[in-house]
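Visitor: Could you build all of it, start to finish, from the sequences and the hints given here?
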Amino acid sequence: MNGFDLAIALFLLGNLIVALLVAARGPTSADRMLMALLFGSTGTGILVLLAQAMHIPALVDVALVLALLAAIGGVAFAKRAWQGDGHD
Amino acid sequence: MIRLPWLRILLFACLWWILAEGRVDGWLLGCLAVIAATWTSMVLHPPAAPRLHLGALPAFLVYFLINSVRGGGQVAFMALRGRRALQPVFLELPVNLPVGAPQVLLITVLSLMPGTVGVELADDRLRLHVLHQDLPVVAEAKALERHIAALFGVGI
Amino acid sequence: MTELIMPWISGALLIVGAFFYAAGTLGLLRFPDVYSRLHALAKADNLGLGFVLLGLALQAESVAAGLKLLLIWPLALAASAGVSYAIARRADRLGVKPWRKGSP
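Chains as they are written, first to last, in the working numbering: chain A, 502 to 589; chain B, 257 to 412; chain C, 198 to 301.
Keep in mind that a hint or two might mislead.
[What the hints assert, rightly or not] Going by beta-carbon spacing under 10 Å, a handful of chain B positions derived as facing chain C:
1. Leu260
2. Leu267
3. Ala269
4. Cys270
5. Ile274
6. Val331
7. Ala332
8. Ala335
9. Pro344
10. Phe346
11. Asn352
12. Gly356
13. Leu368
14. Arg381
[Claimed, not checked] Pair ranges (Cβ atoms, derived):
15. A:Phe505 / C:Leu267: 30 to 38 Å
16. A:Ser530 / B:Val280: 46 to 54 Å
17. B:Phe333 / A:Lys580: 32 to 40 Å
18. B:Val280 / A:Gly527: 48 to 56 Å
19. C:Leu226 / B:Arg326: 20 to 28 Å
If you are wondering where the hints come from, they were derived from the structure by calculation, not from laboratory data.
Heads up, the beta-carbon is just placed ideally off N, CA and C, and yes, glycines get one too.
Guide: Structural data, given as structure tokens:
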């Protein structure tokens with residue numbers, strides 16, 4: 502099943518690239534913030550698939566840490582948006 | 257005799273077991289990690305703080321999983337149809353849940369439910385962006401509120 | 198028996214996951230404003246990740262390794278919920294109006 506896992510990983514990578522290009526195009530800065538979402542979901546997906554396909558279990562830890570950082574970043578982002586009344 | 261927070265210790269021990277992928281050679285480090293994590297959690301979230309009613313958790317999780325699949329399926333279907341499937345509106349709802357964790361959980365989970373994304377929460381009013389004006393958002397938000405109220409053991 | 202069927206279930210779950218990722222990207226391409234794009238990414242991509250993780254967890258060598266994969270999901274959900282809220286609110290503050298039928 503390893504070639505299959507790799508194929509799915511590459512498919513997700515293609516998705517990530519297209520989505521990043523679309524998000525980077527804007528038009529508003531809020532659109533560009535969508536890029537932060539993409540790494541949390543697609544990025545971790547690619548990492549766990551690669552871990553399985555290439556037999557590198559440590560990549561699961563990388564994905565876990567990436568997701569953890571994304572979660573902390575998300576909470577920080579939301580808190581800032583919550584409290585940053587008026588001057589954002 | 258100090259009462260130990262057994263539930264938390266058990267929880268962190270399980271977490272360590274998962275992170276170590278079931279290996280037993282790192283248990284010494286694991287014990288230290290569990291003690292540190294339990295102590296940190298007791299400082300940051302003392303037992304006197306509002307408790308979750310764990311009995312209500314399974315029902316909430318099932319509700320969440322079903323609706324998150326529905327939400328993903330719905331938005332995938334709309335993406336296939338393109339923008340003619342959309343008729344977005346902003347919607348304002350009164351929130352009956354208490355301020356703090358219950359309200360935060362509400363807006364968080366609503367962003368993963370079918371058709372809604374939370375835009376703003378202020379003064380017990382919740383502003384949502386809804387993908388199509390005919391979606392039964394109000395009823396679904398009420399149902400979610402009931403689940404969260406049960407989870408936190410508060411009345412609404 | 199399970200040994201025979203499991204790879205197929207796992208493979209099917211991975212394909213379903215990939216489909217949701219593709220739908221998220223498609224939504225990003227085709228939806229008209231930042232709010233509706235947010236729906237596409239926050240919901241479809243996360244569901245895609247959920248299916249991929251479930252599919253891989255079925256292939257995992259031990260129960261703990263499988264659970265470790267599943268542990269990633271709630272973290273990713275928390276991340277996207279927080280970021281989604283920040284983005285929606287930011288767009289609202291910037292004065293971005295939601296797209297209406299009939300406008301370009």
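Visitor: Just pull the numbers of the violated hints for me, sorted ascending.
Guide: 1, 2, 3, 11, 12, 14 and 15
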